[in-house]
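Let's have the full structure, built from the sequences with the hints guiding it.
For the record, in the sequence shown the residue sitting at position 231 is 315 according to our numbering, with numbers rising by one throughout.
Where hints are given, some of them may not hold.
Using 25 Å as the maximum straight-line C-alpha spacing, the simulated DSS-like pairs for lysine-lysine come out as follows [unchecked claim]:
#1 K135 <-> K246
#2 K121 <-> K135
#3 K358 <-> K329
#4 K246 <-> K121
#5 K329 <-> K310
#6 K310 <-> K246
#7 K310 <-> K121
#8 K135 <-> K358
Pairwise CB distance ranges (calculated) [what the hints assert, rightly or not]:
#9 L89 <-> V235: 19 to 25 Å
#10 E136 <-> S179: 37 to 43 Å
#11 Q366 <-> D209: 32 to 38 Å
#12 S316 <-> R239: 33 to 39 Å
#13 S204 <-> T103: 20 to 26 Å
#14 H356 <-> G210: 46 to 52 Å
#15 G186 <-> E136: 39 to 45 Å
#16 S125 <-> D194: 31 to 37 Å
#17 S316 <-> G285: 25 to 31 Å
The set of hints was computed from the structure by calculation and includes no laboratory data.
For each residue, glycine too, the CB sits at the ideal point set by N, CA and C.
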Amino acid sequence: TEEELALPDWDIGDQWLYTFVTPQFGEDSARLVVAEKDNESGNYRLGISSKEEAQRHAVINHNPFLGRVTMDGLSVYEEGDPQPVFNFPWNVGDSWGFTLFGQEWTAETDSIYNGVVEVSASSDDGHTLTYSFSGRDGFIDSLVWSDDQGVEQLRMELTQTKTDYEGDVYFYRARDLLDSTYENNENDISDSFLDSGHPDGTDWDVLVWYIDLDISGGGSGTLSLKDHQGASPLTRAWGSGASEKGSIGTIPSLSGDYSLTVTLRGGDSSLHFKVAGGIFSQWTL
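Here it is in structure tokens:
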């Protein structure tokens, strides 16, 4: 119907449950909820129904459909600018451009069937993006982003749509501060990053960290993160055969330099460590 091809009008409490699959972080699910509808700014605000999932999405940063979404086109923000991922009202053969996942895309509406719109896009770097928009559900039905080698970087699938969410909704407006992988080394490994707040001048509320670690048999590892006042808000020690998969947590944000010291012993021992600054929002619906 024409209504299914038109721009949806979301209500506070509208909700969509998605599964996300990435090669680096595996599979997780998150319930996206319309937490705010601000006619003055012309934006919705989308959050997540779980605080831990909101932290995960802040530091893994694989879901662009969070935070501000424009009311006049469901455009999502990348680097502070609204990006028209969707092209209302839908017409087969229409083409347009937008930036997403750090890629500049040229998109085309391929087909419309039974209220579902199929779109394909390609980037100058050879990446591909295919996604479908469900007029009945009022949001993305599925999305697959593949790199120039054909390797899937993100798969997103809608599993449930509901309205009238009741409870708390969370969102971290985030930026990566550190994203490094460390391997077995006989010497201590040193790294650092600067906490200078969001580029718009707002201080971070917290720093969100992510650890993915494997220690070989007979190996060991340690991690120590220090702020510029000498305090160590995050320390870890691991023994032979230890594994820590996708741990996430927060530490206070203190403007200035942070220094990181890592030791990794044992042949295949490795650590993936990420830190993102986060500005926290919470709503009770």
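Comparing the hints with the structure gives:
1. K135 <-> K246: 20 Å, holds
2. K121 <-> K135: 21 Å, holds
3. K358 <-> K329: 13 Å, holds
4. K246 <-> K121: 17 Å, holds
5. K329 <-> K310: 22 Å, holds
6. K310 <-> K246: Answer violated: K310 to K246 is near 44 Å, above 25 Å.
7. K310 <-> K121: 40 Å, violated
8. K135 <-> K358: 18 Å, holds
9. L89 <-> V235: 19 to 25 Å: At 33 Å between Cβs, range violated.
10. E136 <-> S179: 37 to 43 Å: With a Cβ separation near 40 Å, E136 and S179 satisfy 37 to 43 Å, so the hint holds.
11. Q366 <-> D209: 32 to 38 Å: 37 Å, holds
12. S316 <-> R239: 33 to 39 Å: 38 Å, holds
13. S204 <-> T103: 20 to 26 Å: The hinted range 20 to 26 Å holds for S204 and T103, with Cβ atoms some 21 Å apart.
14. H356 <-> G210: 46 to 52 Å: 26 Å, violated
15. G186 <-> E136: 39 to 45 Å: 26 Å, violated
16. S125 <-> D194: 31 to 37 Å: At roughly 33 Å between Cβ atoms, D194 and S125 fall inside 31 to 37 Å, so the hint holds.
17. S316 <-> G285: 25 to 31 Å: Between S316 and G285, where Cβ atoms are some 28 Å apart, the hint holds.
Violation of the numbered hints given earlier is confined to hints 6, 7, 9, 14 and 15; the remaining hints are satisfied by the structure.
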